[in-house]
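**Student:** Now for the letters of each chain:
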Amino acid sequence: MKVFVIDVDLCVGCYACQFVCKDEHVGNDWSPIAKPQPDTGQFWMRLDEYIRGTVPKVEMHYIANPCYHCDEPPCLTACPVEGCIYKREDGLVIIDTEMCTGCKNCVDACPYKAIYFNDDLNLAQKCTGCAHLLDGGEWTVPRCVDACPTEAIKFGEEADFAEEIARAEVMKPELGCKPRVYYLNIPKKFIAGTVYDPVEKEIIEGAVCTLTGPDGATCTVTTDGFGDFWFRGLADNTTYSLTIAADGFAPKTFEGITTEKDVNLGDIPLER
Amino acid sequence: MAEVKRKKVDVSIDKTTIKNLAMGGLLGGGGECFVDVKDGKVVRIRPFKYDWKYDWESLRPWKIERNGQVLTPLRKALPAPFSLAYKKRTFSPNRIKYPLKRVDWDPNGAPGSVGPGGRNTQNRGKSKFVRISWDEATTIVANEIRRIHKEYGPLAILAQGDGHGENKTIHTPHGHQARLLDMMGGFTQQVRNPDSWEGWYWGAKHVWGQGFQGMMSPAANLIKDISEHSTLVLKWGCDEETTPWGFTGMYASRISQFWTRAGIKQVYICPDLNYAAAVHADKWIPVLPNTDAALQLAIIYVWLKEDTWDKEYVATHAVGMDKVAAYVLGEEDGIPKTPEWASKKCGVPEWTIKALARQFAKNTTSIIHYFGGSAFRGPYSHEPGRLECILLGMQGLGKPGVHQCQMTYFGMPRAEGLGSVRFFNPELPERLTKPCWTTVHAWGPQLIPKTLIQDAILKPPLVFHGSGGQESQTEEQFTRYTYPIPEEEGGTRIHMIWTDTPCRITCWNHGNRTIEAFRDPSIETIVAQHPWLENECLYADIILPANTTLEVEDIVTTVRQGPHFASVSIQEQAIQPIGESKSDYEIVCAVADKLGLLDKFTDGLSTRDLQKIVFDAMKMDKLTTWEEFYEKKTYVYKTAVDWEQDPPGLRKFYEDPKNNPLKTPSGLLEFYSERLAQHFPCDNERPPYPKWIEKGETHDESLSSERAAMFPLLLMSNHPRWRTHAQGDDISWARETPTGKVLGFDGYRYEPIWIHPSDAEPRGIKDGDIVKVFNERGIVLVGARVWERIRPGVVYVDHGARHDPIIPGKVDRGGAINTIAPNGITSKNCVGQATSGYLVDVQKVTNEEWETWRRDYPEAFARDYDPGAGLRFDAWIEER
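Line by line, the protein sequences give chains G and X.
My numbering puts the first sequence at residues 1 to 272.
My numbering puts the second sequence at residues 273 to 1152.
Rather than coming from a laboratory, the hints here were simulated on the basis of the structure.
Among the clues, some could well be false.
Calculated pairs, EDC-like style, for lysine to aspartate or glutamate (alpha carbon to alpha carbon, straight line, at most 20 Å) [claimed, not checked]:
(1) K280(X) with E89(G)
(2) K910(X) with E900(X)
(3) K321(X) with E138(G)
(4) K201(G) with D267(G)
(5) K1082(X) with E688(X)
(6) K279(X) with D267(G)
(7) K335(X) with E903(X)
(8) K321(X) with E151(G)
(9) K310(X) with D267(G)
(10) K279(X) with E138(G)
(11) K287(X) with E900(X)
(12) K321(X) with E903(X)
(13) K537(X) with D135(G)
(14) K634(X) with E202(G)
(15) K277(X) with E260(G)
(16) K279(X) with E89(G)
(17) K313(X) with E89(G)
(18) K35(G) with E760(X)
(19) K252(G) with E205(G)
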């Protein structure tokens, strides 16, 4: 059974995956696995962008979204035509282009927005894992994997990825769809800032920054050679307090920092 | 569930051809791809595999290690996404299908004639085109050449081997017409300036000598040495997730990730959170555009005050430190270049400047680029260019881990049997390279720097120093040129232009003035050859349709270092030419035929002959046989067994400067250039040693300018993410990405402008709004991306979007930002371009403006437009 393993930390956001998916499918007919993908506006492999923080503490990550080829695919159960949407022995979920009646039930049923509707062809369409190529015998991975320059997207036998899967997450696990696309290193929220001495106009290196969560648990970092501190991997929508202490300076405390978004506290002066 | 019987899909293909689909042009380049073809149709384009025909281990894959982390090459090439999308280029709706003539240009009309039967140069960019035959087109071109030669002499024809282009050797663009015109008595040459690295060409050359076109050279083994020794790399205006794409591909991404894993800190100094900073930065220092010199001076100030520089090295390896120190400390002009002083100029907090200075000195630090971001392409860019050399010199340039590195352009492990890694492959014979001389050498009898074409047409005569030829020697910057040259030497103003791959309007300085010049009655004839109907093609009189690399048989070398293995490949024709198009070479052959010069022009050599000439010239017979190579279609170079022995960068100079001198008059790093002092004693824009030049007679583009009251934002322009300069603006798959284009309310996809929320909010601008960016030089319509990827006070538009005139020379809808870039050259004695870091304002387009434009210029809004790819060829064709 095949899986995708996508390491978000390795993705540089080049869109090669999204482009080559179109290269494979726009203008090419691989019926009954897939009919042509519209040139624009539909993304069987979709890259989403996330910009986090404010100037100058800004980071980005990108998440590549193929069809998740769920083991409990809601699209399959929503489809009124028996055998139209089917799960192959290798785990890939396919919409048979010749059996689809264009009812759109699957489009609405997919919680991951992975299924697109092609009005011109009256057809529901999505990522096939390039099943047509895998079946051809010469290909062992889909186009997106072949083109990824950083090997952020991997594809292969589930057993071969046991180590990665053990530390991976899937999207919306609570829905019970059992996706076969596993993600590594999706960033959590951060709280960051720069600590400086407003009198000397110098950064303060080694300031001790202590972050206290709602449960009273604390985490401590010290500022680096740019006076910067970063707390990463924080939970969403959680309220923290932060205390910054440095020798010779009055400590400073920020209450009620909420990680609804990533937080840049900016350049923080410490008074003597 | 009943078992459904399903048909098996036929995925067989007829053939796979190799094509290098990066867009750097000039006889070689990366982006190696396989093109799968079936039934004469391109099925797919995918990364080339180095082990396709060769055993992987036989290629001797190299290894670089640091802190337990390993960097190795991949078995596959790493072409950029736009290379993989090349179908969209070859089959673009903007492809020129057949030869064209402008409807109201009559070659029998007198110079300057207006009206029926006239040349109507004033209508260029307005009037449409009609289809003509190749026979008619080439006859007109041949006749015009003869007429111009007779009336004014051969130098009245300007040959433009313009811009950037596809990787081809035999069929390459960039100047076959110059070779033909050269056979007929000469031509006026447009000399292309180093448009992506002006700061080093005009600046660094005077500190560390010629280098490679001004960039640090020798540059062997830089990636290895930096990986093994550096603890900090400063990516100064560097975006390795953008600029390498069109030249060497995407291996740089892997190096940056390796450096992160190995614990090498990466600090990005740039106004924008560029694509690399967004994913690789340990620290982003958003500096105001074109103020890097102030930041650099303040770093020197901190080092001088804190005594954290390598005095011994400077004493033995450099001259002029005393003068630099006196200036920095304020002994010369009374202004110490303190962090406090610099902070006001460059917008970086004083404490961050001090921290940067200390981290730079404390760590083993290299400065990394892949050509210039905003830092080295603005007004007076030679100052940051030179100051960078001084900063590195003060920290022992050449010692382990202290280098300037153009990441993956240079510095990769050496290949066995590959003579040169220069992008302009010098091993190839003149028969093949001469066309491309037009782009890299100053070889025409009468020269015009590309940055001065518009002034040459509109206000001759010109006097300038240095041609700006990319391969010209440093000394050539002191040569005084005139345009025209004296009449007795054949000098004349130009009256005809023959351009290929034109993109001056959108990639060079003050495109709107280019438009004015191209409409000048003194230019009687403009011939353009190009695959796509864009930019200057709109201002041409005759258009000759060129084809793309997928349509020709060629041979291409990846002698540039970026691909992790170099290769040479026979590039078979993948598909038949689109429409009536011919290759750039074949086009000039067709004109040569009309002039009776075909045999002389071709030397009677076939494509196969020319492929064999390349094989022989590169001494590939020592590596393989012609028969084996032709059968395999590729030769992949093995890593040299002794590659690790190559001294990294300037190591030999570092160890023994006396016996390994730089190509400077003193043989040392010239922090102060006596030579500049002698040749340009009165040049206060590029004085003998680098200074902070806030304004001067050439430019007034700083926030302190009076102009900033009207134009309070600084515009920066990097190399485009989704294009290689002007190439690739029609790729629908790129245009629909968030940074590709902004879909306007009118269905038009506008070039994005990045603007910070704090600048957008008071202007009432929301993400997705169509706005105008403007200054005295014109208006460009763009789509707002309001976000935190740009610092306050700065807006960012990539150059190279296709020009789409609403009012030619005044208002552009296509997003061609360089239409409003300064006309002024880098500085008064440097004919470079200054196209990043200049004053503009941004405002919403009012309903009244829309209504006025739509009323007064209805044709501009009526052009057929492809919702995905944008501008269409047929929008400019008149059916007859």
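**Student:** Hey, K279(X) versus D267(G), does the alpha-carbon distance stay inside 20 Å?
**Tutor:** With Cα atoms ~64 Å apart, K279(X) and D267(G) exceed 20 Å; violated.
**Student:** Mind checking the alpha carbons of K537(X) and D135(G) for me, to see if they're no more than 20 Å apart?
**Tutor:** 45 Å, violated
**Student:** Hinted pair, alpha-carbon criterion (20 Å max): K321(X), E138(G). Please report holds or violated.
**Tutor:** 14 Å, holds
**Student:** Just to be careful, I want the Cα atoms of K280(X) and E89(G) compared with a cutoff of 20 Å; is the pair within it?
**Tutor:** Holds, because 15 Å separates the two Cα atoms, which is no more than 20 Å.
**Student:** Within a Cα-Cα threshold of 20 Å, do K910(X) and E900(X) meet the stated pairing?
**Tutor:** Between K910(X) and E900(X) the Cα gap is close to 16 Å, so the pair holds against 20 Å.
**Student:** Quickly compare the C-alpha distance for K279(X) and E89(G) to 20 Å and report which way the hint goes.
**Tutor:** 16 Å, holds
**Student:** Against the 20 Å threshold, does the CA-CA distance of K277(X) and E260(G) hold or violate the hint?
**Tutor:** 51 Å, violated
**Student:** Does the structure keep K321(X) and E903(X) at a Cα separation of 20 Å or less?
**Tutor:** 17 Å, holds
**Student:** Hey, K321(X) versus E151(G), does the alpha-carbon distance stay inside 20 Å?
**Tutor:** Holds, at roughly 15 Å.
**Student:** Straight-line Cα separation of K313(X) and E89(G) no greater than 20 Å?
**Tutor:** 32 Å, violated
**Student:** Given the hinted pair K279(X) and E138(G), is their Cα-Cα distance within 20 Å?
**Tutor:** 18 Å, holds
**Student:** Below or equal to 20 Å on CA atoms is what counts here, so check K310(X) against D267(G).
**Tutor:** 60 Å, violated
In terms of the numbered hints stated before, the structure departs from hints 5, 6, 7, 9, 13, 15, 17, 18, listed from lowest to highest.
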